[in-house]
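A.B. asks: Chains as they are written, first to last, in our numbering: chain A, 1 to 178; chain B, 1001 to 1178; chain C, 2001 to 2178; chain D, 3001 to 3178.
In case anyone wonders, no lab produced these hints; they're calculated from the structure.
Treat the hints loosely; a few may be bogus.
Said to hold, decoys possible - Below, a list of computed lysine-lysine pairs in the DSBU-like style, where the Cα atoms sit at most 35 Å apart: (1) C/2003 with D/3057; (2) B/1003 with D/3057; (3) B/1003 with C/2003; (4) C/2003 with A/3; (5) B/1057 with D/3003; (6) B/1057 with D/3057; (7) D/3003 with C/2057.
This structure is a prediction, so every number in the text was calculated from the model and none was measured.
There are 4 protein chains.
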Amino acid sequence: MAKTAVVIIDMLNTYDHQDADALVPSVEQALPAMIRLLEEARRRGLPVIYVNDNFGKWRSHHGEILEAALTGPHAHLVEPLRPDEDSYFIVKARHSAFYETPLAYLLGTLGVGHLVLCGQVTEQCVLYSALDAHIRHLSVTVARDAVAHIHPDLADAAVNMMEINMAARIVPAAEAFT
Amino acid sequence: MAKTAVVIIDMLNTYDHQDADALVPSVEQALPAMIRLLEEARRRGLPVIYVNDNFGKWRSHHGEILEAALTGPHAHLVEPLRPDEDSYFIVKARHSAFYETPLAYLLGTLGVGHLVLCGQVTEQCVLYSALDAHIRHLSVTVARDAVAHIHPDLADAAVNMMEINMAARIVPAAEAFT
Amino acid sequence: MAKTAVVIIDMLNTYDHQDADALVPSVEQALPAMIRLLEEARRRGLPVIYVNDNFGKWRSHHGEILEAALTGPHAHLVEPLRPDEDSYFIVKARHSAFYETPLAYLLGTLGVGHLVLCGQVTEQCVLYSALDAHIRHLSVTVARDAVAHIHPDLADAAVNMMEINMAARIVPAAEAFT
Amino acid sequence: MAKTAVVIIDMLNTYDHQDADALVPSVEQALPAMIRLLEEARRRGLPVIYVNDNFGKWRSHHGEILEAALTGPHAHLVEPLRPDEDSYFIVKARHSAFYETPLAYLLGTLGVGHLVLCGQVTEQCVLYSALDAHIRHLSVTVARDAVAHIHPDLADAAVNMMEINMAARIVPAAEAFT
């Protein structure tokens, strides 16, 4: 299997958007698995790449995005996932982690051919990023208990799409690196 | 509303892949609406853009792709949709109509800001192309009776995703230009 | 004429690479025109976009890139050009300002159709960015006295290429907005 | 060294544009070296990839582009270079062979890491394609006697840029594969 990296999507978040009410309980449920996934990736020395929306704030850097998220009312969803010194960070402007970002270039530089995806939203940015990885012949694992959704039905369908149509491996976070 | 083009996806097809048994009946059902959609687009003078997989045949041009499809056992699904003199044609190598193709460039040249999507497969290339259009701030209409699926449940979910998460308008082909 | 933005290329720099000896005198000469160009752009309320190499430091944000440049031996070439509160900032990994970056997306969001280029290196990143702008149908002005080079002959040729083959307007910085 | 492919740029051409008078004599001079380069590539079983402008004719396929070029007054510049059964063909809409085309994807599929460039115009599409190859970490050889120019001075500068700034190998066509 190719070299693996963990990609954690849109978790530096102030949760002040309209779907937050539906999203937050799912994030709370997925948070422990995300934390363990990052810990295990770091223990194994694998790259951990934060890909995060800039929320239209082109003047901010990721320190400011993190700070805004950490001082908001949902800081408890951000604090346990804060990047460490070795984390990579890529800002995205739109949904997919790959669209008009240097993610594909960074993965090539690192020699990564396999992504473990976690974060939010299962039926949106996670799905779109899985597609854009598959289209680039990267293999994809989705840590099923470490992704959060807004619409549970669409999330289930998205997971099925990733498994059936994008050849993604769907496993619990605890089995992501096995 | 911005200038409209019809994008017809992957309909020049030999249907010799493993999912054909599930796909063909859905294509047969959607075919009349596709035919009427193209007729109406041409009557209105709107651009009709065929975006079609090259099936790994980099040496073929679209005439050969069409010919192969027209001489296969499912020619009745291809013949009524054959491109005319004014049709545009873009070859894609992977799922999305936009990935590593000049489609975005062509749409910019034509001044098109609104796509009417038809073709196949609803829960795959149609969904992915809708996403890549939405990400580029193009507005999208899906002609619901003019798209064909393999998995009806995933197709329904895909249509919901396009409507809820990509702001797509979901209408019958007969209302696509209204 | 379309809305204008200034793009300043690779000026947050530690000048510790092998070509620095040839580059620094040219930067010193171009610096006053760059300063005036940014001042005038800000006076007019035009977007100023810093596009800067990340020097392979994917973990750094632009504050750190700026800080490194400001504490090096060539801080006098950086200090007068430091971004202000309203500056945009885009990190690039490779030569062109457009390659695998969100610059094209940001320009679209801002409604910008005309770029005034300054910075370094005339015959490298400035040339490549002018090309990638021209290819996208953005119009380009090069502030001739506000770009710095390594090889004067190649810089002259690059300016000719931009003028003849990319339809760029070549003017002194003082005339960039006229 | 990585697997090699020959990329021949914009040689299916009607030469009815405004720079043709300056270009044609240079093409006539470079033609024999191009012919030998293609012959040698085919003898060695290397992929030969035609990347050609579509001249805004989105409805044409490459057979029609070839036919138009073969029936024009400069057919003698096209006939000896016509694609064979094994040639790959990619249509480009703008200058660089890589911009909004599937070339990078095709090269990845073929496992190609080294391009030998020939064709026209040295100081335009050849230069831009060399840049876009270098940016993608592909290595580049330019067959110096198998590229044609409009402006000899800019062509010399372009060759210097490719050698100095893009790490291209500049050799006669006869040494392109050694």
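A.B. asks: Quick one, are residue 1057 of chain B and residue 3057 of chain D close enough, alpha carbons at most 35 Å?
C.D. replies: 22 Å, holds
A.B. asks: For the pair we were handed, residue 2003 of chain C and residue 3057 of chain D, check the Cα-Cα distance against 35 Å.
C.D. replies: Status holds; Cα separation ~30 Å.
A.B. asks: Would the hint linking residue 1057 of chain B and residue 3003 of chain D be met if the CA-CA limit is 35 Å?
C.D. replies: 20 Å, holds
A.B. asks: Is it true that the CA of residue 2003 of chain C sits at most 35 Å from the CA of residue 3 of chain A?
C.D. replies: It is violated: about 45 Å lies between the C-alpha atoms, which goes past 35 Å.
A.B. asks: Keeping to a limit of 35 Å between CA atoms, is the pair of residue 1003 of chain B and residue 2003 of chain C held or broken?
C.D. replies: 23 Å, holds
A.B. asks: Has the given pair, residue 1003 of chain B with residue 3057 of chain D, been kept, meaning a C-alpha gap of at most 35 Å?
C.D. replies: Holds, at about 20 Å.
A.B. asks: Between residue 3003 of chain D and residue 2057 of chain C, is the straight-line Cα distance small enough, at 35 Å or below?
C.D. replies: Distance ~30 Å between residue 3003 of chain D and residue 2057 of chain C Cα, so the pair holds.
Of the numbered hints listed earlier, the single one contradicted by the structure is hint 4.
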